[in-house]
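A.B. asks: Sequence:
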Amino acid sequence: MVQGPRHIESSCDVLIVGAGPAGLMAARMLSEFVRQDPSLKVRIIDKRSTKVYNGQADGLQCRTLESFKNLGLADQIVAEANDMCTIALYNPDENGHIRRTDRIPDTLPGISRYHQCVLHQGRIERHFLDSIAEVSDTRIKVERPVQPQKLELDESKAEDNSAYPVKIELRYMREDESVPLQFGHKVENGLFRSNLQTQEEEDSHYALPEGMEPDMVETVHAKYVIGCDGGHSWVRRTLGFNMIGEQTDYIWGVLDAVPASNFPDIRSRCAIHSADSGSIMIIPREDGLVRFYVQLQARAKQGERVDRTAFTPEVVIENAKKIFHPYSFDVSRLDWFTAYHIGQRVTDKFSKNERIFIAGDACHTHSPKAGQGMNTSMMDTYNLCWKLGLVLTGRAERSILKTYESERQPFAQALIDFDHQFSRLFSGRPAKDVADEMGVSMDAFKEAFVKGNKFASGTAICYDASPIVAKGDKGCAITSTPSLAKNIEVGTRFESRQVVRHSEGLPIELGDLLYMNGAFRLILFAGNAADCTQMARIQKFAAYLDSANSVISKYTPAGQHRNATIETITVHSNTREEVEMHDFPAPSLFPKYDYDKIYADCESWHKGHAHAYDHYGIDRQKGCVVVVRPDGYVAAVLDLEDTDKLDAYFGQFMVAPKNAVGANQDPDWTFKTQRA
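Just so we're aligned, residue 1 is where the sequence shown starts under the UniProt record's numbering, counting upward by one.
I should point out that these hints are in silico values taken from the structure, not numbers from a laboratory.
Hints may be right or wrong, so weigh each one.
Pairwise CB distance ranges (calculated) [as the list claims (entries may be wrong)]:
#	residue 1	residue 2	range
1	D37	E80	14 to 22 Å
2	D639	D37	31 to 39 Å
3	H7	T309	51 to 59 Å
4	E80	R6	54 to 62 Å
5	G608	G394	24 to 32 Å
6	E177	R139	46 to 54 Å
7	K322	Q36	38 to 46 Å
Straight-line alpha carbon distances no greater than 20 Å define the calculated SDA-like cross-link-like pairs of lysine to any residue that follow [stated by the list, open to error]:
#	residue 1	residue 2
8	K322	R237
9	K486	D639
10	K141	S11
11	K41	V220
12	K321	K349
13	K454	D464
14	K167	G245
15	K321	K141
16	K150	D215
17	K540	D647
18	K321	V331
19	K41	E143
20	K622	A530
21	K41	K167
22	K322	P38
23	K349	R237
24	K322	D639
25	K41	E134
All values reported here derive from a predicted model rather than from experimental measurement.
Even for Gly, the Cβ is constructed at its ideal location relative to N, Cα and C.
Hey, can you work out the whole structure from these sequences and the hints?
C.D. replies: Structure, rendered in structure tokens:
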């Protein structure tokens, strides 16, 4: 008798489907909570084997890099990446030849301490994998090649925190089905997904997880499932969620190549409109490579998918030569190519009962030229997983998970609208004159390019009022006082500014203190601490934090440091000579042995004065309190006396542990930083 495939059952807290950028960001975010609570079980699966492929996304926007910094990833990624400094705009002259008409900064100056750069997606994912292994102590590993084949949700158990209401059936794949076939050319192409761009031997061969065998079936009982499985998402289709939107008839080819050309800006980002041969976008990359987005002359029929086998590298290069004329163009090395059909779509639902979520390309797709696909995908799970981590560790109510869809779906729709306008302006024929109504005005294109720059950077996101965003008079139990920090908009990311660490005068970016460990921050802008009246206000606020009924005492589990759930960071407006660290009350503002809590907005020896108070629009005498969420977004702006508002804000969604730290502080506790 022939025995069928083995069948096993298991359980986990979170199962992530798909190990692309969105899935790896989810795994990295949840690694932090696994580090804090090793009993949590998080798994991530992918249907691709560990073969090495090229291509895919490569642009990293400002807000993404800021988030990487708070995960301990930015420095090594920026060190490898290729900086993007300038965009050159080329348009046809009176003879129909392209010429440079303008140069503008690639990133708007002053919007972030980072600017856009590019790095191979595979290298970005490699850094994620290393960080996940380190932070989770190898408890989280990508399991591959594994394919989901059944998904069920017991909705009757959806609100039971202890239940495992999601049942998902997995099949361990054979080697022959885990690697896609190429579409008609020896050069690696767009059917391939880069999950591990590395030459390490262990990353370049098919290998099932230990103890598993081909065709084996596993039924997993999960508390939560996150579908990060791309534009053709199996999770989305299984849930019955529909992508809403449309496709244009424009077809574009993409080349990753080392160019051979006399074009003067071949190593600069460029937007090129030719008179009648289409458009090109140039993205300079690392290792001498340049990415070329080339508009093709073919048009797609409405409602039909593009047959990408018809678009070989030779076809793309020939189209590029026509657009580059009168400059010469060829390639000396071709690394990767693809062709795609521009479309913009978004789902109206991002979750099912806040138990099964979709993220990234699974819930929104758009053209790649605005550099949003990988960035938006990662920021989806950056938004979701700190909330999920707080719920899994018992620190927050499940109701907080509703804000994932309410925050990310409107942004995804705004992205689709932006991309819809941008891609049409880029793909359209340049207007021959002011009377040419069918053509695209190059002035209008430049204006849209500049206006869209801040949106594309990710720094313009502003989340609406909700239980975790205190603005307006709806959605939250409290209302912020915007006049206390005139230049800080509640719902936007907390913009970094240089301050000086009081202990030794070291200039530090305030944003770098917001390491993503699941903690909220109370940033106390203490004002003029040398003034007796103001110091009395500071002491009163500190006395509240140290009391048994404060949000710190109430929501921090016993045995943990008082900053573990809600951390306080103090920034005064004095010089280091006017006040001393020990003038600030202990333990909440100046915990024992912790010299990383008191900062001054003053002159530094080597980097000058950043004038943080002025930048934020905060009164240097009176100060204020800024509540910052674990993901770095501003939750509230309050006065030092608004402690009742702090109670009401956190009382909406935080869970008080049965045994809280209370007003006690272990006098023998030795400070150990929570930052990696």
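A.B. asks: It remains to establish, for every hint, whether it holds in the given structure.
C.D. replies: Going through the hints against the structure:
1. Here the CB-CB span from D37 to E80 is close to 33 Å, at odds with the stated 14 to 22 Å.
2. For D639 and D37, the Cβ-Cβ distance of about 35 Å falls inside the hinted range of 31 to 39 Å, so the restraint holds.
3. A hinted range of 51 to 59 Å for the beta carbons of H7 and T309 is inconsistent with their spacing of about 39 Å.
4. Restraint check, E80 to R6: a C-beta distance of roughly 42 Å breaks the suggested window 54 to 62 Å.
5. The hinted range of 24 to 32 Å is not satisfied by G608 and G394, whose Cβ atoms lie roughly 45 Å apart.
6. Roughly 28 Å separates the CB atoms of E177 and R139, a value that falls outside the hinted 46 to 54 Å.
7. Taken as a hint, the range 38 to 46 Å is violated for the pair K322 and Q36, whose Cβ atoms sit roughly 58 Å apart.
8. For the suggested pair K322 and R237, the alpha carbons sit about 41 Å apart, so the restraint of at most 20 Å is broken.
9. Using a Cα cut-off of 20 Å, the hinted pair K486 and D639 holds, with the two alpha carbons roughly 13 Å apart.
10. A threshold of 20 Å between alpha carbons decides the hint, and for K141 with S11 the separation of about 16 Å falls inside it, so the pair holds.
11. Simply put, K41 and V220 have alpha-carbon atoms about 12 Å apart, close enough for the 20 Å limit, and the pair holds.
12. Proximity of K321 to K349 is assessed by CA-CA distance (about 43 Å); at most 20 Å being required, the pair is judged violated.
13. For the suggested pair K454 and D464, the alpha carbons sit about 19 Å apart, so the restraint of at most 20 Å is met.
14. Proposed proximity of K167 and G245 is contradicted: the alpha carbons are some 31 Å apart, above 20 Å.
15. Pair hint K321 plus K141 does not hold up; C-alpha atoms about 45 Å apart against a cutoff of 20 Å.
16. Simply put, K150 and D215 have alpha-carbon atoms about 14 Å apart, close enough for the 20 Å limit, and the pair holds.
17. Distance hint between K540 and D647 is fulfilled; the C-alpha atoms sit about 16 Å from each other, no more than 20 Å.
18. Between K321 and V331 the CA atoms are separated by roughly 11 Å; this keeps the pair inside 20 Å, and the hint holds.
19. Of the supplied pair hints, the one linking K41 and E143 holds, its CA atoms being roughly 14 Å apart against a limit of 20 Å.
20. A threshold of 20 Å between alpha carbons decides the hint, and for K622 with A530 the separation of about 12 Å falls inside it, so the pair holds.
21. Using a Cα cut-off of 20 Å, the hinted pair K41 and K167 holds, with the two alpha carbons roughly 15 Å apart.
22. Of the pairs offered as hints, the one joining K322 and P38 is violated, with about 59 Å between alpha carbons and a cut-off of 20 Å exceeded.
23. The suggested pairing of K349 with R237 holds, with an alpha-carbon distance near 12 Å, which does not exceed 20 Å.
24. Taken as a hint, the K322 and D639 pair is broken in the structure, with Cα atoms around 62 Å apart against an allowance of 20 Å.
25. A hinted pair counts as satisfied when its Cα atoms are at most 20 Å apart, and K41 with E134 qualifies at roughly 16 Å.
Consistency with the previously given hints fails for numbers 1, 3, 4, 5, 6, 7, 8, 12, 14, 15, 22 and 24, ordered from lowest to highest.
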